[in-house]
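Throw the hints in and build the complete structure from the sequences for me.
As a plain string of letters, each chain reads:
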Amino acid sequence: MKLKKDVCVIGGGVMGLATAYYLLKAGKSVVILEKAEIGGGASSSCDDMILLQSKKPGIALTLAMESLEIYRGLSDELNADIGFYSHGGMIIIENDIQLRVMEDFVRKQVSCGLDVEIVDRNTLFKKQPHVARYMIASTYSKSDSQVNPLTLMRAFLNNGLKMGMDVFRNTPVLEIVQRGDHWMVRGQNDTEVECDNVVIAAGAWSAQVGELIGIHIPITPIKGQLAVTEQIAPIGETNCWTAAYIASKHDPSILSDRSDYDKKIGLGFSFTRAGEGNYLIGSTRENAGFDKATSFNALSRILEQARIYFPVMNNVNIIRTMAGFRPGTEDGSPIIGAVDGFPGLFIAAGHEGDGVALSPITGKSVSEMICGIGDHKRFEELNLRRFSSAVAEV
Amino acid sequence: MCDELICRCEEVSREEIEAAIADGAVTMNELKRFTRAGMGLCQGRTCRRLVERILSEKTNTRLDEMQTSSYRQPVRPVRSDLITEYENNLMEEQ
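Taken in order, these protein sequences are the chains called A and B. Sequential numbering of the first sequence, starting at 1, is according to our numbering. Sequential numbering of the second sequence, starting at 1, is according to our numbering.
Just to be clear, a hint being listed does not mean it is correct.
To be verified - Only part of the chain B face toward chain A is listed, based on derived beta-carbon distances under 10 Å:
| no. | residue |
| --- | --- |
| 1 | V26 |
| 2 | E30 |
| 3 | R76 |
| 4 | P77 |
What the hints contain is simulated information worked out from the structure, not anything from laboratory work. Ideal Cβ positions, reconstructed from N, Cα and C, are used throughout, including at glycine.
Rendered as structure tokens:
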């Protein structure tokens, strides 16, 4: 099938759907080419956090805060329940070393405009009655929120279809060719799209798409495993993370006593209660290629942490486990923006664990870049060109 | 018959499944993600076939050509401490 569209979006995950939605809203005609099915990658094998506290002060935090503002009105705009809640978040602190790192981190975030504070044990135990009693303090931000990525994708898809979007599933892209001032994208099953713009929103698979054009997009799959519990009543007021993990990102010496196995799987701890009452317990950061299997060892390490931090979770049933491929970049920041030397080509990928949180602001911004609206200078530090290896030798 | 419950664990009705198909779901996994049918305690052991039949009717796809939704471990709910104790015992033995 041959078709003519303004924009061809490659990837039908949350990033591609969000980008398509904002493009359609701006009056563009859009087709999504998806290699498998909607939300088949990281977008449905993840948790539901819109976590501001973990963001580095700077563009990462600014974008997260802007995305959060969009989320507040998104259920109404999309006329769907996207499971958005603002219950706040806490990063629990085990010892003085972690406390010092977190104090410094919180100070920087406050100066960027985030409402976050360090609270004492009593406040922690009041908000988290089931947390381990040896904890000494916690951070608290009422801004940390959550959204259901599954219903979010449904809403973006449905709104997009109503605005005339085409979606081709089971359609891996085979060829991307620049023809004068437009593009030809050829997918499986004789799908051929002639378009002005191409957006690569293929998550962990973006590098493979880039190869078709001869550009090196340094995104690799980072495997993250999660355990899902049965639905239970809330055991605390907010979602939680541990300072051990957050602080170690900034000062790796904090976790020097970790076992080799924990280091290998990049063990971290996140603990969130989805809207329906299932707890999502994570997570790992593994370099394991595209091997999607969950492993008993890694999951038992994840659950062991839950046992230590929230002993009450011992008696809760695990009903499902999953692994997803977070699209990771070398410097931990996403790649957003136009590609030098290829007019009309854009990338919206590499958000690692922040794809769901950042999808509205990314989709909206990329749509504006394509439509030539607004000033997007601040995205320069997220452009592909920051990687010296970006353009392959031809 | 529209309020007939298809997924008992997550209490998803036929009407809700049909609404998700109308919203754009065309595969079993998409239906699962959009409605939660099959995401509860039994992980679709009861409703998977029923959902497949509805999707088959609505999309004119033959049942034997329909791709089933993905299966995830564990096969049945397992208490968290049974998993961690098993692993801890293994480590002590080594």
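Do the hints match the structure? See the list:
no. : hint : in the structure
1   : V26  : 7 Å, holds
2   : E30  : 5 Å, holds
3   : R76  : 8 Å, holds
4   : P77  : 4 Å, holds
Every hint, counting from the list given before, is met by this structure.
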